[in-house]
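2 protein chains.
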Amino acid sequence: MSKITIDGNTAAATIAYQFSDAATIYPITPSSTMAELCDQWASEGRKNIFGNTVKVVEMQSEAGASGALHGSLAAGALTTTFTASQGLLLMIPNMYKIAGELTPCVMHVSARALATHALSIFGDHSDVMSVRQCGWAMLASGSVQEAMDMALVSHIATLKSNVPFVHFFDGFRTSHEINTIEDIDVEKMKSIVPWDNINEFRLRSLNSNNPHQQGTAQNPDIYFQNRESTNAFYQRTPDIVQDTMNEVAKITGRKYNLFDYYGAKDAKYVIVSMGSSTTTIELTIDYLNKVYGNKYGLIKVRLYRPFATSVLLSALPDSVEKIAVLDRTKEPGADGEPLYKDVVAALFDSKFKNVEVVGGRYGLGSKEFTPSMVKAVFDNLENEKSKNGFTVGINDDLTNTSLEIKNIIHPDSGDVTECKFYGFGGDGTVSANKSSIKIIGNNTEYDGQAYFEYDSKKSGNATISHIRFGKGNINQSYMLDNIDFVAVHNQSYVTKYNILKNVKDHATLLLNTEWDMEHIDKFFPNALKKDIATRGIKLYTIDAVDIAKRLGLGNKINLIMQSAFFKLIGIMPYDKAIDEMKAFAKKAYAKAGEEAYNNNCKAIDSAKDELNEIKIPEEWKNINTSDEENTDQSYSTDKYYTDIMQPVQRLDGDS
Amino acid sequence: MSKITIDGNTAAATIAYQFSDAATIYPITPSSTMAELCDQWASEGRKNIFGNTVKVVEMQSEAGASGALHGSLAAGALTTTFTASQGLLLMIPNMYKIAGELTPCVMHVSARALATHALSIFGDHSDVMSVRQCGWAMLASGSVQEAMDMALVSHIATLKSNVPFVHFFDGFRTSHEINTIEDIDVEKMKSIVPWDNINEFRLRSLNSNNPHQQGTAQNPDIYFQNRESTNAFYQRTPDIVQDTMNEVAKITGRKYNLFDYYGAKDAKYVIVSMGSSTTTIELTIDYLNKVYGNKYGLIKVRLYRPFATSVLLSALPDSVEKIAVLDRTKEPGADGEPLYKDVVAALFDSKFKNVEVVGGRYGLGSKEFTPSMVKAVFDNLENEKSKNGFTVGINDDLTNTSLEIKNIIHPDSGDVTECKFYGFGGDGTVSANKSSIKIIGNNTEYDGQAYFEYDSKKSGNATISHIRFGKGNINQSYMLDNIDFVAVHNQSYVTKYNILKNVKDHATLLLNTEWDMEHIDKFFPNALKKDIATRGIKLYTIDAVDIAKRLGLGNKINLIMQSAFFKLIGIMPYDKAIDEMKAFAKKAYAKAGEEAYNNNCKAIDSAKDELNEIKIPEEWKNINTSDEENTDQSYSTDKYYTDIMQPVQRLDGDS
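Here the protein sequences come in this chain order: P and B.
Offset between the first sequence (1-based) and my numbering: plus 3.
Offset between the second sequence (1-based) and my numbering: plus 3.
Treat the hints as calculated values from the structure; they're not laboratory data.
A portion of the hints provided could be inaccurate.
Identical chains blur together in the list; that is why a pair holds if it fits in one copy or across any two.
[To be verified] With a Cα cut of at most 20 Å, we get these calculated DMTMM-like pairs of lysine to aspartate or glutamate: (1) LYS441 x ASP578; (2) LYS390 x ASP352; (3) LYS325 x ASP352; (4) LYS258 x ASP246; (5) LYS499 x ASP224; (6) LYS390 x GLU231; (7) LYS504 x ASP224; (8) LYS298 x ASP382; (9) LYS354 x GLU324; (10) LYS388 x ASP352; (11) LYS409 x ASP399; (12) LYS605 x ASP549.
Model the full assembly from the supplied sequences, consistent with the hints where possible.
Okay, structure coming up:
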């Protein structure tokens, strides 16, 4: 097995490319990378499992992409597309047709919120839930590795079942998370491809050698009967998916089930959830069951449609007394969210009839979902009267739906190191961190994970990079909350943001600044100084702006800061890290010429000499912090500004 | 109260026009009439409740109509639209926005099947069910009268709640059924209009006097909280709808509830259903409870979203043991259809936890739903083991979902007369019948109902008109099944169709034919002759083709046949009927000139003299019918032809 460090979009697109004759695309955030990669690979001449390059066609909108998808499939070409959010909504009419005509097809969706009261480019399941009635099978991935594995399951199972598949994973959280995963060997993949089904699909196509009629209009006399004639195909699909999962397990060693149970064999309290939340819930269950002796469990929903009720029932432990179903979507006016109602319908007529089931919403628009929130969900089940229709992750003081988060927990899965970087949109921090995590994944015994908080404005605002590395796969699908290293790439952030939030005692703080000790003492907020001193934070500075200027690099301070990071973090021999950074720079600056490359190399080399360790004055420990707060007198009389705009700008909008 | 005889589309459009400043339209079958009527009324200068004519704008597609709807609403104009099927699907993106921004609006939908394996222009709830997650309130009408009443409830409740409403009724069955209903007085209507809410709506609009920002993009920090902030509006909506129903009842005398219970107070078996099926179920319950002493009941769902669980629970009788939920939609891959799952979720955590609930599908693509099918649904509940996920109305020999219809029942609601007309597309039969039912509704003590079976090819094929009249409102929402009078407007149909299907003994058969008795004896199939003789059918002929030719009317035999109908049916003085038919002809042929009108009057007058009563030979009773069948030897070896095409052409496709 070869390890690679890639994001979820790349993982899914890699498989999609292999199984497609054509891709009809209209890129939309956060699925764009999938479409763009296929386009790039096709232009580079990459071959699919049939030995051909994929024909990639960009249409005028997602409506066109889905229309072309339908037409291309009808003509006998295995065709795929990639979309999200409103893009998926525009595909609905064609989705009904493609499913109604029992056409094998996989659509990969990086699930995203829908524009309702406001637009959101971020992740939740509102888009995929809005197509659950279209007659497509739906398979959920919860991590980057799964995005690759389930993509493969989907592409094979659709050929065997003739039911089209939506393969989805969480937008940004999985689509943009970079993680070290195991690649799937193409030759092994070919060994489980159902070639006969592919032949049948091609023979069924509309062409002049095999004339037949398709897509007719039917009157009331026969429409209903014909509509029901697809039942058997849907009844067979869950078994086909499980068989395919078993075949994929043979070539990858990774075993999946339609519903995977995780946790105590005799669990009383079980969560049912889907997508990236499940990895976080797993970690939290490990921790709570071990540390507190709880009996908690989790059902991971992988095949959401067709919903295999009997499989769900046999996955549940007999000991279960209460279930919390988590939905990452909201349907105003419904008496419960979709997965909740699926589970209730499954249990209603079963031996679990008397199990109490509550439902709740989490993570809308990429709201964080953390171990502490998982604990709050279990705490709700522990209560004699458990709240139904709850929310978790917000404080709903209007309709009182939210669960209180009583304990902040950190279920570390061992030796994971957490590194956070505050960059400035466009300063190259995100790119540098992407290369750092690949350097770590490819050159050390550690697996890596990188996640990036973007602003939907995309450039010119703060970017926050979350990097984890450690031995064994890293599956915390939430942002850093127990941080070992913080890099602040813009000195003004020390007054704007709470840069030590979620930082461990004795952690390392790296600041890009022109300030010497005198200025630091003058400009650092008192609260920050006190925090640094009392919690034993190690402070380093580097004047990367000045170095970059000297080397003619403009505002690109990324390589200097990256080099300082490798120097301080000591995860691999520093010389080796320098070589790897230079190799990346060579690729990145290939077009910019020799001189640019050389200057960047100098930037990389500069860090070790220009890094300053700051000795923290003892008196910072006793500093008075009470007379700060709200220096922004000019605006402070406007309640909208002090209550809404200021917290949002401080990155405290979550609270 | 003034009585009017109109179809469901006209009923809904009448109210929509009153409450709209603007209508953004893109007509689609079967909703087109609503849009077209508003356009016509606007061009005629009709005034709405604000004293203005409505601005009607036709867009390039339903996507554009919904975008313009959103924009027009944001600008402070009360705006409506009308759509169905794929048209509704194209509105989904804007529907999320309109609801997310809490915009009062009513969209009227004549619910229609979606194109899946085949296109269907006919009615079911697949389209409205595909928007149930968009955050719109959804109010269902089950009859032409309700289409008017619920339209009014929707337009008032949306203003009070700020939640947009989808008001829907069954495509064709309600949209195109003509029925005698009570009109609502505009002045009384104005007395319950919430003028203050309209003012608030206008003041909230985007305009330069009141600058504000709307439709922003939100990041993960605040999206979820904001999304939840609409909860209170949805929580209030059911009460607002009930209050509005009560206010409407004050001005109309017709009382509705969110969930209306009908049937035995101590019912053991209850159906939950929505739309036009409910009137048929009511009739059947009356019959079965009275004739067989059954304890059956019905919950009519009116407000489908927000789904008011507690109201549903209090509407159910405590005696209920089993419930069958009927859905007029199909979601392949789901573990039950939407209304079924709503009901299960409602009961799961209630005192009805141990009630058995089964779900089933009926009426897809306008498949008939008759009293005999209602009985089959109750029979299924009577069985010790009741089938779940059933279908009713088809024979599913592939996956065995269908319920067997053991008894054909005719729960006549009193003195209803049923008249069926076989016309030829384009021969004017449908138009003549539309005027007949209005003549009856306006000039007799009878209420009338007319329903037309169309082919989606629209012209050149058989048209079948189903007319009922009787004292009191006629609410059989299914085709004629106990017929008093049959008119066959094309002599070739006697060999093609089973024209005496569902015809009562001693009924009247009127045939347009050039045949005399000798030809009749020669050309009538033996089975038909025997049927006529043994069942005492009275046979009349008229050579309308010849009369029309003599009068220069081409193929328009409609007025001749209509006149013959009034002569034979004797529902009103024949002279009066002739006057009314001539008045209609005057309007219809106003543009064609004096001569055309005069010739049509002659056609109307001709019927009484040219009508022949045929004396049925006694020997027809003993005729041998065994050696007929399948005279079409040329094709009979092709199984597709004999098993599929022949029955469909005989109008036996239903079986």
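The hints, checked one at a time:
no. : hint            : in the structure
1   : LYS441 x ASP578 : within (16 Å within a copy, 94 Å between copies)
2   : LYS390 x ASP352 : between (23 Å within a copy, 12 Å between copies)
3   : LYS325 x ASP352 : both (16 Å within a copy, 12 Å between copies)
4   : LYS258 x ASP246 : within (11 Å within a copy, 56 Å between copies)
5   : LYS499 x ASP224 : between (69 Å within a copy, 16 Å between copies)
6   : LYS390 x GLU231 : between (39 Å within a copy, 16 Å between copies)
7   : LYS504 x ASP224 : between (67 Å within a copy, 16 Å between copies)
8   : LYS298 x ASP382 : within (12 Å within a copy, 45 Å between copies)
9   : LYS354 x GLU324 : both (12 Å within a copy, 19 Å between copies)
10  : LYS388 x ASP352 : between (23 Å within a copy, 12 Å between copies)
11  : LYS409 x ASP399 : within (15 Å within a copy, 55 Å between copies)
12  : LYS605 x ASP549 : within (13 Å within a copy, 104 Å between copies)
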